[in-house]
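Asks: If you want the building blocks of each chain, they are given just below.
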Amino acid sequence: MSDENYLLEAREICKTFSGVRVLDHAGLTVLPGEVHALMGENGAGKSTLMKIIMGIYTKDSGNVLMEGQEVDFKGPREALIAGISMIHQELSPIPEMTVAENIFLGREKKAVKGLPFMDRKAVNKSTKHLLDKYEVSDYIKPTMKMKTLNIAQVQMVEIIKAVSYDSKILIMDEPTSSLSDKESEVLFKIIANLRAQKVGIIYISHRMAEVFQISDRISVLRDGHFIGCVDTATASHQELINMMVGRELERGYPHNTAEKGDVVIELKDMCSEGVFEHVNLSVRAGEILGLAGLVGAGRSEVMQALVGYDKLDSGEIYLQGKRIEIHHPSDAIKHHIIIASEDRKELGLVFGRSIRENIALQNLSQVSAGSFLKKPLEKTLCKKYAKEMTIKMNNIEEDIGSLSGGNQQKAVLAKCLMSKPKVLIMDEPTRGIDVGAKSTIYNIMIELAKQGIAIIMISSELPELIGVADRILVMAGGKVMGELTDRAEFSQHTILSMAFGGVPNES
Amino acid sequence: MNLNLTRQEFKSILPRFALVAVVLIIVGVMSFLSPVFMTSKNMTNIFRQISINGIIAVGMTFVILLGDIDLSVGAVVGVVSVFCGNLLEQGMNWFAVCLVALGVAVIFGIFNGTLVAYFNFQPFVATLATLTIGRGVALAYSDGRPYIITNPTFKAIGQGYLGKVPIPVVILLSVCVVGFVILNYTTFGRYFFAVGGNKNAARLSGVKTKRVEMSAYIISAICACIVGLILSARISSGQPNAGEGYELDAIAAVAIGGTSMNGGVGSLGGTLLGFIMIGLLSNSMNLLNINSFYQQIVKGCLIIIAVYVDMKSKGDKK
Amino acid sequence: MNLNLTRQEFKSILPRFALVAVVLIIVGVMSFLSPVFMTSKNMTNIFRQISINGIIAVGMTFVILLGDIDLSVGAVVGVVSVFCGNLLEQGMNWFAVCLVALGVAVIFGIFNGTLVAYFNFQPFVATLATLTIGRGVALAYSDGRPYIITNPTFKAIGQGYLGKVPIPVVILLSVCVVGFVILNYTTFGRYFFAVGGNKNAARLSGVKTKRVEMSAYIISAICACIVGLILSARISSGQPNAGEGYELDAIAAVAIGGTSMNGGVGSLGGTLLGFIMIGLLSNSMNLLNINSFYQQIVKGCLIIIAVYVDMKSKGDKK
Amino acid sequence: TESKGSGQLTIGFSSKDNSDVFVKNITDAATAKAAELGVKLLMSDARGDVNTQISDVENFIVQDVDAIIVIPQSVEGSAPVVSMCNEAGIPIVVCNGDIADTSYTAFVGCTDQESGEILGTWMMDNVAKGSNIAIIEGPMGQSGQVGRYNGFKAVGMLDYFNVLSVQTANWKRDEAMALAEDWLTTYGDKLDAIVCENDDMGMGALSACLAAGRSDVVVGGVDAINDAVQAVKAGTYGISVLQDAAGQGGGSVEVAVKIAKGEDYPVDTRIPFVGITAQNVDAYLAGGVTAITQ
Ligand SMILES: Nc1ncnc2c1ncn2[C@@H]1O[C@H](COP(=O)(O)OP(=O)(O)OP(=O)(O)O)[C@@H](O)[C@H]1O
Ligand SMILES: Nc1ncnc2c1ncn2[C@@H]1O[C@H](COP(=O)(O)OP(=O)(O)OP(=O)(O)O)[C@@H](O)[C@H]1O
Ligand SMILES: [Mg+2]
Ligand SMILES: [Mg+2]
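Residue numbers (this note's numbering), protein chains in the order written: chain A, 1 to 507; chain B, 1001 to 1318; chain C, 2001 to 2318; chain D, 3001 to 3294.
Pulled out of the complex, with its shape left as it was, chain A reads as follows (with noise of 0.2 Å):
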């Protein structure tokens, strides 16, 4: 093949971040009307060189060619306009603007010609076309603020925007990493036919099953290394894991082998007005109990109200037979109720801080004498609790922002395991982890059950809540729809169809 032939290429890129080699000679080609799957464990690079393609870092050295001219964006309007568009890892909607503002930010269209005046009525009805044409003009509407969608529906507008710059070039940095399968089918009839116009599409996912299903081309990246490139039609699982992880992988889902006790937590009848209602539920100590249910069930939602976080208009908690009150999340804390967000952005880690710090935050008694810290023993703990979660990392002392996605879900485990819980509520806990460290959490969450923790799993992976939970637990609206309690009754299907049972029609 001649270099004419790809649309993209990306040759010898290397960069450094504050002494680290983060990209080492790594490269990636796309052909028009394919979709090239880029895969890797967490801090492989992945994001990195796309930033880096689309003008937003810098690189070292190395070229990247667009249809086989040399190009150096200095920043994504450059690149945007070249027609490479991008939908970024990290959702970045702007509040407090419209979803047609946000799509259109930067490429309003105008009243008059030469005209700085926007023309609003243009926009939304731009808008609204595209949302129906993209099938979520039922919850999106065009003059909705962005503050008022959940994190799904934001996804959607990020996927519908990079889209809509008819771009010959399309990345995407893990775009189902927030959506349930609903949505993420949606997303591949996008994928179909833009590849029917012979869009170049670069896809990043931890999510094997997806890439297997969508793409044609699979590159992998391994600590910044291009490691080869596979075609889809004959590659195997194992040996995209081999070459991700460099290492033999068990396959599927390990078995929860611990021994069931009693109960250890239980809510009776707990209602938030307009949330969700009259939710019941127990766990036993050992037990995993998975959460299904579309986005917008209402699970976090229970489960952020449970912790103390959110308002819960009432309803009681149960631990180990005692009822208990808890108004703030450190009375849960303090019961050892403790809970992994699904949000590590908004309300997992502090930004700016050191990852020592973030392990720490909610357990600074264990390192403290009354109210003064022990430094030299919070830093051997949070150490230990790091490593136990293989956190890729220079040194605990540096910034948790500067850690990739999953690093940085790796850290806010760490910080659950050093909270010593007998409650341990996983919301999406391997959002945008990569296989190995996936197969890390399970491990650890089996290991904790046999320490006699109750955990409760909320995932919208639907093979991984089958392979890994006790019971199943289906909620929609924010009701509990039904339970599953024998394990040969989880399937998808029967999931699916209670989770959708539920769903009262929005208009």
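Just so you know, these hints were derived from the structure itself, not from any lab.
Every residue gets a Cβ at the ideal spot worked out from N, C-alpha and C, and that includes glycine.
There is no bait here: all hints are sound.
Only pairs whose alpha carbons sit at most 30 Å apart, straight line, appear in this in silico DSSO-like list of lysine-lysine:
| no. | chain 1 | residue 1 | chain 2 | residue 2 |
| --- | --- | --- | --- | --- |
| 1 | C | Lys2208 | A | Lys345 |
| 2 | A | Lys268 | A | Lys450 |
| 3 | C | Lys2210 | A | Lys422 |
| 4 | C | Lys2208 | A | Lys322 |
| 5 | B | Lys1208 | A | Lys128 |
| 6 | B | Lys1208 | A | Lys113 |
| 7 | C | Lys2164 | D | Lys3190 |
| 8 | A | Lys420 | C | Lys2208 |
| 9 | D | Lys3258 | B | Lys1041 |
| 10 | A | Lys145 | A | Lys189 |
| 11 | A | Lys345 | C | Lys2312 |
| 12 | A | Lys133 | A | Lys145 |
| 13 | A | Lys422 | A | Lys311 |
Quick list of simulated restraints, FRET-style, between CB atoms:
| no. | chain 1 | residue 1 | chain 2 | residue 2 | range |
| --- | --- | --- | --- | --- | --- |
| 14 | D | Gly3130 | C | Asn2289 | 18 to 26 Å |
| 15 | C | Gly2160 | D | Asn3280 | 33 to 41 Å |
| 16 | B | Tyr1308 | A | Pro95 | 20 to 28 Å |
| 17 | A | Lys311 | B | Ile1025 | 26 to 34 Å |
| 18 | B | Ile1025 | D | Glu3087 | 28 to 36 Å |
| 19 | C | Val2100 | D | Ser3215 | 31 to 39 Å |
| 20 | A | Lys379 | B | Ile1025 | 54 to 62 Å |
| 21 | D | Glu3087 | B | Val1181 | 34 to 42 Å |
| 22 | B | Gly1028 | C | Asn2289 | 55 to 63 Å |
| 23 | A | Lys334 | C | Thr2150 | 50 to 58 Å |
| 24 | D | Pro3266 | B | Ile1025 | 41 to 49 Å |
| 25 | C | Asn2120 | A | Pro32 | 48 to 56 Å |
| 26 | A | Ser282 | C | Val2100 | 54 to 62 Å |
Given chain A's structure and the hints, the job is docking chains B, C and D with the ligands onto it.
Replies: For chains B, C and D with the ligands alone, kept in the frame of chain A given last:
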């Protein structure tokens, strides 16, 4: 037309109502307490007095929408004032003087903008430094002494009338209208909300965020310049101390108007209500002959009440 | 002990170096230019003068670490000053007076804290209102007149010595040490960084964010109170205007010291260097007999240079 | 208007800054005099801002008061109020300090330059020729600062002594104190006297000198505030030039009332300054202003 307001739409109108209500209550109480309050003469006074703070507040709104702050406006007023005074004393044409003043102010705006947008200074620090430098320049240039302004055309900027409306009020209205059109009807204006709301996202969408930030400081400096001209004309002299502390009143007006100091949320309409309220209050208390020490206490309390009422009506959760 | 610094560790020390370097350069140049600069008498002077701004800046650091701001400190100094003056004039015991002053200051702190933490006011607006109210109270209470302070024990707070060290300097050092220990060696201190960095995440991690915010304003008010006592003792009078504009100098010191106005990042060590630099500068220029107008220009420029050097050395990308 | 109809006179008093003790003394005297004469006095306070002062006068004009008294914030900047009053046909009495537009109805006050002259002359009489002195000024451009400095110049004080340094301390005690401390280290024993344009700054400078054990440094100022007079009595403070606040405040109201009633009135009342020194301080403390102006 559909007259059924959705909850969403209603909420977006309500905030205005709460502030308007506070303003109307003050007006109502005052027209009862003071016979001269509602006279056209007094209204003219109020608006003329408001114009100084109002014009600065309009410029400040642009800066605060970005989540930034401009403390240097008062100093720019002082610099403009001494330059005008000196040049007019030397017999320069009034219009040329205005242009020179504008040039000087824009330099200050660019200075602020460069520090903040290109050198990543924190706005508070950068403009605090500019404030110190600006006041120093005004004092050093004039050697601390005022210049007397006699040019009658120039003086009209502060003391004249257009029909029955004082010229400062005409200028205030023009500035408000221009600001309103820019913010709400131009793409450039929408960028202030975008950059203020999420700078990174705006940049990723191809918005030239640095330029937007730069323009905010230039706009603010231009407004300060206009005030410098009006003020010098009004007091018939170029004073190095002119405009001292004006930044705080302007920021108070913007904040009362519901614009968030974190950027991204706000409106010029709110700012308008904010400075009208402050002006009204001070006029009212003067008419009621309230001791100036107690005036300050009342003013502070009313700021709190107004902001509280406004927040409640918006159901704001910060 | 391991003496090999990692890059990371080096970087965390470097910022200090840059500011320390600026301070050392000023000291070096000055000892060359002025023979009296390095005398112990002058050093005593510098530190005594610094203590006022320094103590307020320490308190302000806590507030700014949360991403908040406290504009009311100057007014609290004024209120404390008139209360002290009046009570001492009435013959109250000096220690009782200090306690009353502390109580009054804490009320102001709680007022700010309540508005910000429990009523979700924007800190700038809340403390601006408190500033206005506080100054009004000081003026109204004293009817605008100073009280003469004659109590010798009380006066010693501002004018006395402990050994060879002026008492204000002793107090400054104590405040710095206490502040440093709180911020760096207590769980309570750690919460300031967490809440300033991400309030929601801190809350979910069990931090009582409202209490932390409340304490910041109380700490700031206590520091302002201490300054009010020192200042009144130093000038032997209770003045309603005392402390006017002190907030800006304190904020400048904190900002020069590298604490981000957005919260979450900063250190008391930086603040210390910040106020030392400002004090050094003003003393130096007085010694060199530089015209006060030019002093302001130089001060503004030096703030910019110091902040720039500090940012560069940190490789900060905002 | 109502006030005119009811026979009670209304007078507007625009003060420049009531948080300044000396100005407050004037306005208090004016309030007292108004009560005594049975006229209604509206008091406004410009808080040190010229623009506010103009607004205040505008507000008085709207209320159609019978006369307006103004303590000008700025010689030039406050000038427009004179023409405003003239246009509105309301008599205007300028109190305390000069104003650039002299078409006012009457003046009751003093010449700032005079206080500078008294202070300068006393210094020349009490400190040896060629001594080293430093001067602490008020905020630049204010009439007090301009006038008093001109007074120093007029009596030749600037040439008589060797002036080491001239700096502003913005009428503030703590700023003056810091300044004096720095001078005492810079100039050491060379420094013989500190001349201050007001007593607040003088008190600051004096504290610095006493703290440094330099009771030999001669310090003097203007205003005769309480602690300054006490310091004169104690012998630590050289001179405090007394400006008769009560005379100005009360006098201006008297004049304004006369004008409003259409009676004869003095167009230009100059209240003299008197230096309070060790010689007359006891008399002053016993008998007040009148005891020493005789
Ligand atoms: N702005 C930055 N400053 C410093 N280091 C960075 C920065 N951005 C990324 N890194 C580092 O570069 C490495 C690669 O990060 P990148 O985000 O590209 O990983 P990724 O492959 O996208 O991982 P994930 O699957 O978790 O998103 C990581 O080790 C990360 O810590
Ligand atoms: N912007 C919004 N305005 C009003 N209600 C909302 C908004 N976003 C979400 N909700 C409601 O909050 C509830 C929960 O939303 P959320 O998406 O967090 O659910 P979830 O089940 O926790 O999903 P996830 O799979 O992301 O954990 C739903 O009832 C939804 O209707
Ligand atoms: Mg990534
Ligand atoms: Mg959720």
